[in-house]
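Asks: Sequence:
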Amino acid sequence: MSLKIKRRDLESRIVKLKSALVAFSGGIDSTLVLTIANNVLNGRVLAVTAESDSVPERELKAAQHLALTLGIQHKVIRTEEMASFNYLKNPTNRCYYCKSELYSKLAKVANEHAMASILNGINSDDLGDHRPGITASKEAGIISPLVESEFTKQDVRDLAHEVGLPNWEKPALACLSSRIPYGQPVTTKKLSMIEQAEEALLSEGFKQVRVRHYGDTASIEVPNKDIPSLSKKTFFENISRHLKIIGFKYVKVDPKGYRPGSLNEALSLNDKQAFQNEKKVAG
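Position 24 of the sequence shown, counted from 1, bears residue number 24 in this note's numbering, the numbering being contiguous throughout.
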């Protein structure tokens, strides 16, 4: 389908909902869903953003600013995934417990504000990765309009650019817990170290950064084109010194560069089979 047809399909699906709460992270996917919903539902929408230890403070502030810029009613809620033992022990389906907590809280907010439906920003490309949270969204009855209208990530960016969204080029973001290898406990201290380390690199001008937390080692991922700049002796020494102050003992640059979900490379055959089952459920 052409982008024009996909947009028409997306709008026709959302307008039937009468009103909608949108799980709004501030990323481009949920921003597009929120904008289209606000347009076709004549403002009968509510953007809701989760605040938690696994969400960088800069992203929460960015979401608040963006909602204000768009002129859309916005609410910030606190989620408590860190109170879940299942989440903290960091199994391969950790995201399931996080999203289950989020959608449970969103359902309460939707009921309080008389919102008929809850929408998220999952797109078709997301179905090709290990995403246990998709199972949680299905169980909770969350609508994924971008998937239903067959939007790829590139479609999302193209339409966002077309309608003038200011964050149409924003890099993809995953929660801070995704930087911790499966099986290694999630702690507030680790999340804080990761956030501070990534903030240091972002402040140096890097646009896409992941700092993986391997115990006492920080493994930095940036796009391949940025590896030479990061690896320059003096610069790397300064960054390493900063990250060691934060709490890491060793610092290294991943020579493979930034890869979304790179920790999924370590999944076992059983985990990958479970992932295939998730895709069937999501489909």
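Keep in mind that the hints were calculated from the coordinates and are not lab data. One should not assume that every hint holds.
[As the list claims (entries may be wrong)] Simulated restraints on C-beta separations:
1. T217 x V109: 32 to 42 Å
2. E57 x K89: 37 to 47 Å
3. K233 x K75: 17 to 27 Å
4. P223 x P181: 13 to 23 Å
[As the list claims (entries may be wrong)] Calculated cross-link-like contacts (lysine-lysine; reagent style DSS-like; alpha-carbon spacing at most 25 Å):
5. K105 x K18
6. K61 x K89
7. K170 x K256
8. K153 x K190
9. K108 x K153
10. K16 x K170
11. K89 x K16
12. K138 x K61
13. K75 x K61
14. K244 x K189
15. K138 x K189
16. K170 x K75
17. K190 x K207
18. K256 x K61
19. K89 x K138
20. K190 x K89
21. K232 x K189
Here a beta-carbon is modelled for each residue, glycine too, at the ideal position from N, C-alpha and C.
Asks: Evaluate each hint against the coordinates.
Replies: Hints, verified against the model:
Taking the beta carbon of each, T217 and V109 are about 40 Å apart, inside 32 to 42 Å as hinted. Remark: the range hint 37 to 47 Å for E57 to K89 is contradicted by a beta-carbon distance near 25 Å. Evaluation of the 17 to 27 Å hint for K233 and K75 yields a failure: the beta carbon distance comes to about 48 Å. Restraint check, P223 to P181: a C-beta distance of roughly 21 Å satisfies the suggested window 13 to 23 Å.
Only pairs whose Cα atoms come within 25 Å are accepted, and K105 paired with K18 is accepted, the gap being roughly 21 Å. For the hint pairing K61 with K89, the CA-to-CA distance comes to about 28 Å; that exceeds 25 Å, so the pair is violated. Straight-line distance between C-alpha atoms of K170 and K256 comes to about 22 Å, which keeps the hinted pair within the 25 Å bound. Restraint check: the Cα-Cα separation between K153 and K190 comes to about 30 Å, which exceeds 25 Å; the hinted pair is violated.
Between the alpha carbons of K108 and K153 the distance comes to roughly 30 Å, so the proposed pair goes past 25 Å and is violated. Under the criterion of a C-alpha separation no larger than 25 Å, the hint pairing K16 with K170 is inconsistent with the structure, at around 29 Å. Annotation: proposed proximity of K89 to K16 is violated, straight-line Cα distance about 41 Å (limit 25 Å). Taking the CA atoms of K138 and K61, the gap is about 29 Å. The hint is violated against a cut of 25 Å.
Only pairs whose Cα atoms come within 25 Å are accepted, and K75 paired with K61 is accepted, the gap being roughly 12 Å. Pair hint K244 plus K189 holds up; C-alpha atoms about 14 Å apart against a cutoff of 25 Å. With a C-alpha separation of about 32 Å, the suggested pair K138 and K189 falls outside the 25 Å cut-off, and the hint is violated. The hinted pair formed by K170 and K75 meets the criterion: a straight-line CA distance of about 22 Å does not exceed 25 Å.
Between K190 and K207, the direct Cα distance comes to roughly 22 Å. Compliance with the 25 Å bound is thereby established for this hinted pair. This hinted pair does not check out: K256 and K61 have alpha carbons roughly 31 Å apart, beyond 25 Å. Our distance criterion of 25 Å between C-alpha atoms is met by K89 and K138, whose separation comes to about 23 Å. Between K190 and K89 the alpha-carbon distance is near 13 Å, which keeps this suggested pair within the 25 Å criterion.
A threshold of 25 Å between alpha carbons decides the hint, and for K232 with K189 the separation of about 29 Å lies outside it, so the pair is violated.
Of the numbered hints listed earlier, those contradicted by the structure are 2, 3, 6, 8, 9, 10, 11, 12, 15, 18 and 21.
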